[in-house]
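Engineer: Sequences and hints are given; from them, build the entire structure.
Protein chains: 4
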Amino acid sequence: MKQQDVMPADGKLGIMVVGCGAVSTTFITGVLMARKGLAKPVGSMTQYDKIRVGRGDNKKYLNYNDIVPLARLEDIEFAVWDVYPQNAYQAAMYAEVLNEKDINPVRDELEKIVPMKAAFDKNYAKRIDGDNVKDCKTRREMAEALREDIRRFKKEKNCARIVVIWAASTEIYVPVDENVHFTLAALEKAMDEDDREHIAPSMCYAYAALSEGAPFIMGAPNTTVDIPAMWELAEKTKMPISGKDFKTGQTLVKSGFAPIISTRCLGLNGWFSTNILGNRDGLVLDEPANFRTKEVSKLSTLETILKADVQPELYKDYYHKVRINYYPPRNDNKEGWDNIDIFGWMGYPMQIKINFLCRDSILAAPLLLDLCLLSDLAARAGRYGTQHFLSFFMKSPMHDYTRNEEAVNNLYQQYTMLKNAIREMGGYEADEEID
Amino acid sequence: MKQQDVMPADGKLGIMVVGCGAVSTTFITGVLMARKGLAKPVGSMTQYDKIRVGRGDNKKYLNYNDIVPLARLEDIEFAVWDVYPQNAYQAAMYAEVLNEKDINPVRDELEKIVPMKAAFDKNYAKRIDGDNVKDCKTRREMAEALREDIRRFKKEKNCARIVVIWAASTEIYVPVDENVHFTLAALEKAMDEDDREHIAPSMCYAYAALSEGAPFIMGAPNTTVDIPAMWELAEKTKMPISGKDFKTGQTLVKSGFAPIISTRCLGLNGWFSTNILGNRDGLVLDEPANFRTKEVSKLSTLETILKADVQPELYKDYYHKVRINYYPPRNDNKEGWDNIDIFGWMGYPMQIKINFLCRDSILAAPLLLDLCLLSDLAARAGRYGTQHFLSFFMKSPMHDYTRNEEAVNNLYQQYTMLKNAIREMGGYEADEEID
Amino acid sequence: MKQQDVMPADGKLGIMVVGCGAVSTTFITGVLMARKGLAKPVGSMTQYDKIRVGRGDNKKYLNYNDIVPLARLEDIEFAVWDVYPQNAYQAAMYAEVLNEKDINPVRDELEKIVPMKAAFDKNYAKRIDGDNVKDCKTRREMAEALREDIRRFKKEKNCARIVVIWAASTEIYVPVDENVHFTLAALEKAMDEDDREHIAPSMCYAYAALSEGAPFIMGAPNTTVDIPAMWELAEKTKMPISGKDFKTGQTLVKSGFAPIISTRCLGLNGWFSTNILGNRDGLVLDEPANFRTKEVSKLSTLETILKADVQPELYKDYYHKVRINYYPPRNDNKEGWDNIDIFGWMGYPMQIKINFLCRDSILAAPLLLDLCLLSDLAARAGRYGTQHFLSFFMKSPMHDYTRNEEAVNNLYQQYTMLKNAIREMGGYEADEEID
Amino acid sequence: MKQQDVMPADGKLGIMVVGCGAVSTTFITGVLMARKGLAKPVGSMTQYDKIRVGRGDNKKYLNYNDIVPLARLEDIEFAVWDVYPQNAYQAAMYAEVLNEKDINPVRDELEKIVPMKAAFDKNYAKRIDGDNVKDCKTRREMAEALREDIRRFKKEKNCARIVVIWAASTEIYVPVDENVHFTLAALEKAMDEDDREHIAPSMCYAYAALSEGAPFIMGAPNTTVDIPAMWELAEKTKMPISGKDFKTGQTLVKSGFAPIISTRCLGLNGWFSTNILGNRDGLVLDEPANFRTKEVSKLSTLETILKADVQPELYKDYYHKVRINYYPPRNDNKEGWDNIDIFGWMGYPMQIKINFLCRDSILAAPLLLDLCLLSDLAARAGRYGTQHFLSFFMKSPMHDYTRNEEAVNNLYQQYTMLKNAIREMGGYEADEEID
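Residue numbers (this note's numbering), protein chains in the order written: chain L, 30 to 464; chain C, 30 to 464; chain E, 30 to 464; chain P, 30 to 464.
In case anyone wonders, no lab produced these hints; they're calculated from the structure.
Some hints could be false.
Copies of one chain are not kept apart here, so a pair can be met inside one copy or by any two copies together.
[Claimed, not checked] Straight line, CA to CA, 30 Å or less: simulated DSS-like cross-link-like pairs of lysine-lysine:
| # | residue 1 | residue 2 |
| --- | --- | --- |
| 1 | Lys88 | Lys345 |
| 2 | Lys155 | Lys350 |
| 3 | Lys89 | Lys336 |
| 4 | Lys336 | Lys88 |
| 5 | Lys130 | Lys65 |
| 6 | Lys336 | Lys69 |
Structural biologist: Structure representation (structure tokens):
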């Protein structure tokens, strides 16, 4: 494939964000500020990273947009859904992530971004209590109302293309049910029959996006697109999907630090991870049913990097525990503390402690930008279905568990996958292997 | 090249270690215990790592010794030089790194390893005060006496091949002097003239090893083999050299953690590293002239991973400081504390703190094993001169600074270089690029 | 009162410990070793502390045993109850707290300490599974069997006095029930009627001890003696009681660190405490019903030091959270991580993080020694009922909540209370106030 | 003494601050904001603390100003000296300690506070480079010029009383010289003779203040008033002096944490303290001669709390090391990391790590307020010479080393001394002892 096979990024790109909280408003504000030259989109691969293309004497290091046609920041239009009616300016101020001086220059633009009514079901997030909510009788109605939102926004803003991204709360854990989630037909039947136990509101967003020809990205640990029925829909609509759970603080460090251990053939006795966070995300996760969703997502990281089957003497029996604690004094400034018990020569133990004082939304915002731009790129390149090359951005990357496919969690292997996809879409040769 | 081009690892391999302190005795004891099946050589790549060879459908994951012919643990004979006369058992007990129960089963063998007199000059390590020292009039005599030691040991133990590895203290900083260190002729002249300012004792060890047809490995930050004169000697004798400074605690983490930051295009404002350590290494480094050698070695790590010229908006101005503190209560259990000031989206700051409670000798021991086995392998494969593929094990990898060649410090790029060399020596195709 | 009013410490003191686990065996081994001069009982106030007696020109600093008559280490006899039949030597080896070389010199003595059958009810500690258990039909029988144990041991070892101390696991949370726990009569009736819901096995131990004229000390967070019925029994039998929960790692630090904040009039936004521990204590606390008991005990510490009613602008709204995590890699080496969010001048926030790598049993052992010796002293001094001066050693000091009496948790106020009691029993004047 | 013996706080109090940097402007801004009701002076004992007066049934808890007559915030006038000419508003903005919104409401008042020319000698602070400096031929002239400043300010602002406080940089270390610093006569002679080696500029400030009937407070580690000549001058002028070095971050924690260890009779093997700070204070301390002054001040803290002579088995041999590192990324947000190696029962080691992310000026500001108000109080109460009761606020409290008097560093003993002095000046009985 050569670059010319990728459709150009002409016209406007509409980015529709589910949720108008700390993450969304930090993302939107940053993009608006950046295109005025008032802020730098640090952390964004599409804006900063340079990757090697070519080999040997022919190699060179290029930015993504010199390899593939990406949508420009100037061409983006934003829309949001939220259960609270506050506009993006109000929401950004309430979030207290950004300083006032970093919001005010784009206040007018932000005030015009007013949340559409959310497709919401309080059973999926007990701690959330807003009333800017659609009145739908069934899950099918919910999906249709969202499709209508997408069509209307696309038309009003004259967008050439749309991407839908979930940046809202974690829903309660919905175990995959073979009878409902394995085929598109069964999923649609359940929507028609208003099966509220198996059809999370997030599934209606994904269904609506794909049906309207828009890529869908799941930024929370919800299983939304992690089901064969959605894979089928993505194939059918020829749209990219990706997920799940933005890889921000502790898991970012974990997926980057665990390779240090494995690369040096050190052993692991245990890894204890605790988090304190105080924003709405923390509040929702304080509810055990919602935490369960997150925990499942977070635990999987280590297991595919430090593999018991490959190195049983090193990784057979380690104890891995993840705790998330709602702690309001911190607000968005979430903090992770990891204690890692390793062992070396002759089995002697050593300890590593990592304390990450991070900012959830600051780490997440560039991921939203990259995921939207790259999903749009993938659509134009004719890459549909699960986008493995976006695993880099995800805490719990999608993988076809029905075929025992394993997720790649090693940050550097994920990075190679990302680079390879960009190379391929740019008409360059990719590395054949990632390890 | 195919594997058959590598000479087989027949006969005994003599490993001669400069220094019989904590690191050396932990290494030797571990090897002796491992070959009795009483301990596991955790942390050793040659004993544990599995690397991919082949690609696509033909790929498989093999241990090193299934790809290339490595010397077996059973075939190793040990010798040591030290300024103190205590045998390896006494030294291991004194070091207090290993528990008695992990030493006693090989006590007899350890007791037979009695230090040969060291080539020593107190001006190079003021805090060291032993008298098991050679009486040499000139540096030339020193080198010749060491050559004699090597020949005698090789003969006595009936070794087929010898490797010499430095695991002794850091010497004072010897700046590279173009007039002395740039050609072999000038170096030899200085040895003849007993130029004690420019010829460190460690250079006599390296000179002796190479002259006797043995690879030499520099495990301290001494500039010993980091000079063109030694490169010339290695070319001439067709012997591998490598250095410098075993990558153990803090720098291991740094060279593994910095890639997380760069890979995610996060910015860096500052990195502060402090160390506390109480063993003889710490004592020596408490002397400013010796610390200077170490500092130069440790500071270079970041600069080649987070590059100001490639990403000026992210890495232009960061402040990097490394402190090493002698702190006797800790003995060998050295500890690092790193504070990392990063910035993300719109320039917002975040912090990471890493506290590594490590054990110097436990981390170093497997490096000694790997470096000896792989240097011996390289010699048999006809690879001589600077061994870039061993950068993985080094805090400050050798590079030809006379040609502005840059060292590779990124742990994962170093790992790829290591794998590539093993693949090549095993007759497999290597990856063409490391990034 | 003068010192002569305190009965002398003549004859043997029998110390009967409930539980023969890590804490108990570390305590017993240490005492046996110390009296042979082979170990130092560091951390013990009775063995090390020097307190001021007298004032002005008459003041002097004396050890406790120069002020009051304490039992000598040489006069102690030990007995234990446990659900596992292993003797104290086996249990000490299993606990892996002490090195073999610190146990072996008293191996013979330890082997002779064989657990008596425990009074046990599996419903109170689901994770514990031993069968060295008394076969009792009712709680009354349980108490009577324990009394028999006490009498037999006292006679066999020819002890002049007995102290009973609980160093076993945390039981499930037993809320105080006014109908059962408020009078001795009601308590005895419930024992007779075998009310297993309200009468924890630990209550039978306390009942037995007091009835046999022995002080009782509760080292776990069980409510055992924290009920008016037990206070009544202690009054009746003229015996001292004290509790609850040995103040070892994190709470020790908390009760010592919180005063720094209050003393400087700094404000508090939040305090997050997490623990990882892997011994049997951790295993038991992994069970939610047992953790509840612990949590109630640990949370109370701050509230009485940083008082919202006294300094509402500083301490009105802080968020205090305590998590305990079972983490087997650590065994007895439990570890606490505290994050403290304070604020200062003009409300500006600051953070303190405390990482305590402690050893549960090493910190607890001297408390057992002090509590036993001081409870015995109190009994001889005619001080009965709740021993407030022992609050110093307790995570959750006893206090008469029926009269809204508040516990003293400030470490330095507790210390003054301790010193005052020693001074008084030694015939010296005590300070009238503790703040 | 009864409270009526203390002169009332009538009229205005002029506070003259040496230095108009981060600490000074944070202090001044906070006071101005607080008296408008726009900020809370958190951390200030005089504004928040309540202490017990009376005993037994007669005890009550009162704020300081209900016990003694303190100057009111409303009655304070400010003046500053600085080598830079920026006014207090500009300096506050430059310091970046306070947010703009916390400065702007008092911008007008701050702008009127313009630095008088400083008495400065570049040899005492090589890294400082301002030119708002007095042109004086001799140290005597320097002192006289400062006296003139004090008289002028007092008159202009119609102040009833003046206090002078040093909040400027650390000068280079000036060892006490018996020939110059031991008598007032010798000191004055050296000033007349312009002995620039022995007379630091700070001594001229102190000399001027005392000579003009104003108390003097030394907030840096300079030895200024730590010499018998100044004690003599303070006696002669009947003025209070106090010092030295505001106890803010790490030492505050140390003087509060060390008592936890000593109170529990735990042993100490070592205490390693490292600091990173990036403000002007850090820049100055990056100069070895200035750091030396600080180091001497900081090291003394532990030695008087954990006393080798009183508890040799616990505190005989510990290793105490303090490092301060200039690290610009942090600016005023200095950070301490302490590693504490303790030992307990049978000598078993444990570790505590404390990471204090503090703000230098936020912690210092309330100290300035308290020290000024309490020094003024002391003057009105006729307490002159060294004010031991202000040790609470000092890193290295003044003590008469010529008589081998020992400083009190234990935070809680210092607090008792503070309370006692307030009680006495309020006409209440003080506690006779502090331990």
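Engineer: Confirm or reject each hint.
Structural biologist: Going through the hints against the structure:
1. Lys88 x Lys345: between (41 Å within a copy, 25 Å between copies)
2. Lys155 x Lys350: both (25 Å within a copy, 22 Å between copies)
3. Lys89 x Lys336: Between copies, since 16 Å is at most 30 Å while 35 Å is not.
4. Lys336 x Lys88: between (34 Å within a copy, 18 Å between copies)
5. Lys130 x Lys65: both (14 Å within a copy, 25 Å between copies)
6. Lys336 x Lys69: between (39 Å within a copy, 18 Å between copies)
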